[in-house]
Amino acid sequence: MKNEKTKRIISGIIIVVITFPLLFFTHTLALTVYMLFVATVGVFELLRCLKLDKWYVIVPAECLTVASHVLVRLRLFGGTDIGMKKFAFIFICMIVCFTFYLFGLCVFIPDKFNIETSGFGSLMCAYIVSGTLAATLLTEKTNGEFLFPLIFISAWMTDLFAYIIGMKFGKHKICPTVSPKKSVEGAIGGIFGNIIGFIIYALVITFAFHRSVASYPVLIVTAVILSVISQLGDLILSLVKRRFGIKDFGKIIPGHGGVLDRFDSITAVSVAIYITYTVIEAVKGTK
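Positions in the sequence shown are counted from 1; adding 45 to them yields my numbering.
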């Protein structure tokens with residue numbers, strides 16, 4: 046048990062050390078490579094969990110993943126005229142084609158594929174890839190370089206404080222059939238942890254970069270919402286693991302499991318921040 050905690054701490058530190066420099070190089074190829082790694086490994090782990098790990102499923106899924114990230118890279122830094130609407134249309138078409146392909150396998154190889162798992166697998170692949178794409182695309186927004194760190198702050202401050210508070214004070218289980226170790230006290234601790242993270246980050250932005258930030262009441266409300274979304278993203282993938290009878294999605298990160306075990310909440314938070322900020326921009330643009 047103690048050895049497992051040590052592995053978890055060391056692995057966590059290594060992930061932070063690798064991730065932290067990206068916060069200062071959001072407009073570089075390094076970010077695209079980082080997110081592509083998370084997406085490709087995450088998609089592989091998911092398909093293996095769903096027993097859809099045949100090569101003729103994994104290869105098309107990973108081609109979709111790589112192609113979408115290459116398009117984003119070209120859109121942001123390649124000088125190509127790929128508008129957001131055009132990119133979204135291409136991405137949706139790729140997802141539809143992949144789903145159609147999986148359903149075709151259900152028709153011709155019914156003993157190995159069923160429509161429920163195949164449909165769910167396609168949806169979850171789209172969810173994972175959308176998360177990493179949203180994180181990358183967020184950097185093109187106005188002040189995107191300052192929005193990007195909020196993804197990791199929300200996910201990891203919530204997770205850290207939920208873990209610490211839950212271990213020390215957790216008594217009331219929040220979803221015992223989905224994740225027996227998670228508690229109401231831990232969830233509340235995660236929310237307060239994210240509020241602390243947001244306030245500290247706002248102070249850094251204000252005094253170190255001399256940028257104005259939203260009012261503190263707005264920051265606190267945003268921190269609460271994103272913390273809840275972060276924990277929900279975690280619980281959703283915990284439900285997937287329990288439904289398919291596995292403890293972890295993988296073993297690539299000692300003490301944590303797979304990439305999806307560590308980046309589950311980041312996917313949800315990335316999509317939430319990107320959609321919210323895009324809507325805000327659209328509303329401001331209509332005034």
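Treat the hints with caution; some may be incorrect.
Stated by the list, open to error - Heads up, simulated EDC-like pairs for lysine to aspartate or glutamate below, C-alpha to C-alpha not over 20 Å straight-line:
hint, residue 1, residue 2
1, 296, 161
2, 286, 98
3, 131, 185
Said to hold, decoys possible - DEER-style ranges, computed between Cβ atoms:
hint, residue 1, residue 2, range
4, 138, 255, 37 to 45 Å
5, 260, 112, 17 to 25 Å
6, 260, 103, 28 to 36 Å
7, 256, 142, 52 to 60 Å
8, 52, 155, 41 to 49 Å
9, 100, 142, 13 to 21 Å
Since the hints were derived computationally from the structure, they do not count as laboratory data.
In this text, all values refer to a predicted model and were calculated from it rather than measured experimentally.
For glycine and all other residues, C-beta sits at the position ideal for the given N, C-alpha and C.
41 to 49 Å was suggested as the range; check whether the CB atoms of residue 52 and residue 155 agree with it. At roughly 42 Å between Cβ atoms, residue 155 and residue 52 fall inside 41 to 49 Å, so the hint holds.
Evaluate the given range 28 to 36 Å for the C-beta pair formed by residue 260 and residue 103. For residue 103 against residue 260, whose Cβ atoms are near 47 Å apart, the range 28 to 36 Å is violated.
13 to 21 Å was suggested as the range; check whether the CB atoms of residue 100 and residue 142 agree with it. holds, 18 Å
Is residue 296 within 20 Å of residue 161, Cα to Cα? Not OK: residue 296 and residue 161 at ~27 Å, beyond 20 Å, violated.
Mind checking the alpha carbons of residue 286 and residue 98 for me, to see if they're no more than 20 Å apart? holds, 15 Å
Between residue 260 and residue 112, does the beta-carbon spacing fit 17 to 25 Å? violated, 41 Å
Cβ-Cβ distance between residue 256 and residue 142: within 52 to 60 Å? violated, 42 Å
Can you confirm whether the C-alpha distance between residue 131 and residue 185 stays at or below 20 Å? holds, 16 Å
Looking only at beta-carbon atoms, does the pair residue 138, residue 255 fall within the given range of 37 to 45 Å? holds, 44 Å
Violation of the numbered hints given earlier is confined to hints 1, 5, 6, 7; the remaining hints are satisfied by the structure.
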